[in-house]
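K.L.:
Line by line, the protein sequences are chains V and R.
Heads up: the first sequence runs through residues 1 to 194, numbered per my numbering.
Heads up: the second sequence runs through residues 1 to 194, numbered per my numbering.
In case anyone wonders, no lab produced these hints; they're calculated from the structure.
Some hints could be false.
To give an idea of the interface, some chain R residues facing chain V are shown, with a C-beta separation under 8 Å as derived from the structure [to be verified]:
id, residue
1, Glu45
2, Arg46
3, Val113
4, Val150
5, Gln152
6, His163
7, Val166
Computed beta-carbon distance windows for the label pairs [to be verified]:
id, chain 1, residue 1, chain 2, residue 2, range
8, V, Gln42, R, Ser37, 17 to 27 Å
9, R, Ser37, V, Asp142, 48 to 58 Å
10, V, Glu32, R, Ser60, 18 to 28 Å
Residues of chain V clear of chain R, computed beta-carbon distances all greater than 10 Å [unchecked claim]:
id, residue
11, Gly13
12, Gly27
13, Gly75
14, Ala159
15, His178
All C-beta atoms, glycine included, are put in the ideal place defined by N, C-alpha and C.
As a plain string of letters, each chain reads:
There are 2 protein chains.
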Amino acid sequence: MSTPNRRTRRPGGRSARVQAAVYAAVGELVSEGHRDSVTVPQVAERAGVNPTSVYRRWGSIDALLSEVAVAALTGDEPLPDTGTIVGDLQEWASIIAADITRPQRIVYLRAMVGARVGIPGACPCWDVREQQAESMLGRAADRGETVPTVRQVLEHVIAPLYHHVVFGLDVDDDYAHHLVDDVLAMSVRVPAGS
Amino acid sequence: MSTPNRRTRRPGGRSARVQAAVYAAVGELVSEGHRDSVTVPQVAERAGVNPTSVYRRWGSIDALLSEVAVAALTGDEPLPDTGTIVGDLQEWASIIAADITRPQRIVYLRAMVGARVGIPGACPCWDVREQQAESMLGRAADRGETVPTVRQVLEHVIAPLYHHVVFGLDVDDDYAHHLVDDVLAMSVRVPAGS
DNA sequence: TCGCTAAAGCAACGATGTTTGCTTTTCGGA
DNA sequence: TCCGAAAAGCAAACATCGTTGCTTTAGCGA
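Work the whole structure out from these sequences, hints included.
P.N.:
Shown next, in the form of structure tokens:
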């Protein structure tokens, strides 16, 4: 088969340049607080690109926004490594909380929610979080600590954090740490023979 | 002061009729699966009302949708009363899961997320859930059961459920029950002297 | 280097959403 | 019953978005 996967058929110079310009333009507009009403023509003008090109490549502003969003939201920060699972999870939760409460992130999250119509399946964001959780929990388990499952961490730390941000509820360090305390409480069980 | 609170200045006949018609129209359109693209002119036509009236009263389709959403999302179902906290929470979680995964609800939730720009503070939805949780936990505590806190139930059952729906992840009974199991595990502690 | 073709650019059009100034209706108090 | 004013209706202008047919540019393989 010499049929490249579409979308990779001509990745060279100009296409790449247009994509970069468009991505940058979206980033700028979002950062400038044009929170809502980021439109295709706006992005195109800022990028110095013809609107038609954007329409043909991405189809709609939502698709574009959510593509950029995924890229922006999965830029990985260094993982904490404090020596204990409590420390790791609390620092991790704090970092995430601080990150996703930034105005630009909120715009992206909103865009993701708006665009997730008829797009089944998970988005890469959660995969990243899952890998991070796996990594920290794995290390802790190796140290002999009692740890919750990856699923529990995702459902009871990550999900509530994003829920709060998306619905405009308060999110701060205290809140994040509470979540971690809760999830750690889940993994403390009465030993069978005690 | 004879300055009524605005929005209540002339609640009589016609205004009320227009509001009712518009609310009904939004409900119909959303129910019919016009998932996206519910526009002001559409709503106005269906309601037999002039678009201008809608624009002047609500300003935008998002504001209108989220106003209707709050009304729709806080309609309370009867609370389960199975005799145990496990049973109550599991049934409750199932009911909520079934409710918010209906296509119309998703539209409303999306609208809430979209409209929650610059509207600080909680929306009435969470208040309802909080009261429901309080009620069930209170009954269980009276029976002498060990129960999690209201906050824990909200953060670790409600929040993940809504998170999943809003981001298009799977939600079913199993998932809901898992959450309940987890939150109950939080309240099980090793007795001090064991 | 040449040629094929994917992708970008251009321009014009059609459709819709939104705003605005003005008129008409009708609520609610005097 | 009458009057002032709030809210609804109407119509037309306005702004923008999104689409489409065609042309032009420029990767990339032969």
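K.L.:
If a hint holds in the structure, say so; if it does not, say that too.
P.N.:
Results for each hint:
1. Glu45: 23 Å, violated
2. Arg46: 21 Å, violated
3. Val113: 5 Å, holds
4. Val150: 13 Å, violated
5. Gln152: Hint holds; Gln152 (chain R) Cβ to chain V Cβ min 6 Å, cut 8 Å.
6. His163: The hint holds - His163 (chain R) has a Cβ within 8 Å of chain V, the shortest such distance being about 4 Å.
7. Val166: At about 5 Å, which falls below the 8 Å cut-off, the nearest Cβ of chain V leaves the hint on Val166 (chain R) intact, so it holds.
8. V:Gln42 - R:Ser37: 17 to 27 Å: 20 Å, holds
9. R:Ser37 - V:Asp142: 48 to 58 Å: For Asp142 (chain V) against Ser37 (chain R), whose Cβ atoms are near 52 Å apart, the range 48 to 58 Å holds.
10. V:Glu32 - R:Ser60: 18 to 28 Å: 21 Å, holds
11. Gly13: Consistent with the label, Gly13 (chain V) stays out of reach of chain R, its closest Cβ about 35 Å off (over 10 Å).
12. Gly27: 19 Å, holds
13. Gly75: 19 Å, holds
14. Ala159: Contrary to the label, Ala159 (chain V) does not stay out of reach of chain R, its closest Cβ about 4 Å off (not over 10 Å).
15. His178: Incorrect as stated: the minimum Cβ-Cβ distance to chain R is 8 Å, not above 10 Å.
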